[in-house]
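Visitor: Start from the sequences, fold in the hints, and give me the full structure.
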Amino acid sequence: AQSVAQPEDQVNVAEGNPLTVKCTYSVSGNPYLFWYVQYPNRGLQFLLKYITGDNLVKGSYGFEAEFNKSQTSFHLKKPSALVSDSALYFCAVRDFASGGSYIPTFGRGTSLIVHP
Amino acid sequence: DGGITQSPKYLFRKEGQNVTLSCEQNLNHDAMYWYRQDPGQGLRLIYYSQIVNDFQKGDIAEGYSVSREKKESFPLTVTSAQKNPTAFYLCASSIFGTENTEAFFGQGTRLTVV
Chain A
1 AQSVAQPEDQ VNVAEGNPLT VKCTYSVSGN PYLFWYVQYP NRGLQFLLKY
51 ITGDNLVKGS YGFEAEFNKS QTSFHLKKPS ALVSDSALYF CAVRDFASGG
101 SYIPTFGRGT SLIVHP
Chain B
1 DGGITQSPKY LFRKEGQNVT LSCEQNLNHD AMYWYRQDPG QGLRLIYYSQ
51 IVNDFQKGDI AEGYSVSREK KESFPLTVTS AQKNPTAFYL CASSIFGTEN
101 TEAFFGQGTR LTVV
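Going down the list, the protein sequences come from chains A and B. Just so we're aligned, residue 1 is where the first sequence starts under our numbering, counting upward by one. Just so we're aligned, residue 1 is where the second sequence starts under our numbering, counting upward by one.
Hints in this document: simulated from the structure, not taken from any laboratory. If you're wondering where the values come from, they're calculated on a predicted model, not measured in any experiment. We put the beta carbon where it would ideally sit given N, CA and C, even for glycine. All the given hints hold, so there is nothing to weed out.
Once the Cα atoms are required to be at most 25 Å apart in a straight line, the calculated SDA-like pairs of lysine to any residue come out as:
hint	chain 1	residue 1	chain 2	residue 2
1	B	Lys9	A	Arg42
2	B	Lys9	A	Ala87
3	B	Lys9	A	Pro40
4	B	Lys9	A	Arg108
5	A	Lys22	B	Arg44
6	B	Lys71	A	Phe96
7	B	Lys57	A	Gly100
8	B	Lys70	B	Ser22
9	A	Lys77	B	Pro39
10	A	Lys77	B	Asn100
11	B	Lys71	A	Asp95
12	B	Lys57	A	Ser98
13	A	Lys49	B	Asn28
14	B	Lys71	A	Ser98
15	A	Lys49	B	Gly40
16	B	Lys70	A	Ser98
17	A	Lys58	A	Leu48
18	B	Lys71	A	Gly100
19	A	Lys22	B	Gly40
20	A	Lys77	B	Glu99
21	A	Lys49	B	Thr101
22	A	Lys49	B	Gly42
23	A	Lys58	B	Gly3
From chain B, some residues computed to sit far from chain A (all C-beta separations above 12 Å):
hint	residue
24	Lys14
25	Asn18
26	Glu62
27	Gly63
28	Lys70
29	Glu72
30	Ser73
31	Thr77
32	Asn84
33	Thr86
Guide: Here's what the structure looks like:
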């Protein structure tokens, strides 16, 4: 089974500082990895994904993610955090299921708190 | 605009009552999913459907039922057999049969037992 893990329940950072939200993965075959963001009482929004190619993937709202095959990691980063970045962040992979389906499978989520 | 619509946004259920959560998409996606979200537990898969008139149980299907009579619609019924239904429910859709495409989510329904 394909899976991802987010080792931190919460990350605190001061506004203007760089932020990192960690994710490690366990997949067989090619890793296709995703990051989503969830604001309070809302659905998840897609931020970015790694398919192949450059290890640094750029996404929405100034976020980027660094794919590291040797460390099996896919950490989400942003050079300068904003208070409005405070939200719940999910790393995800699509796990193979019967019938040719790939089920979106998520980490437990990391709460990012950006302090003014 | 293409997207997924969940309704209602808030729902209150009495003990022993069945309630149905609506999910409609106009993205022309074959695959649809229902997740349950509880604080600190991430998203857990309830049911998924790959095609009309077909659906499969996820990790926590007990006490829930679904139907997929139309491509656009995937309603979830929370039955009285679900002993702890208070949670945030999320519906999603995606292209079927691909590993590298993202899922699209509705805005969620918050269900509370009163």
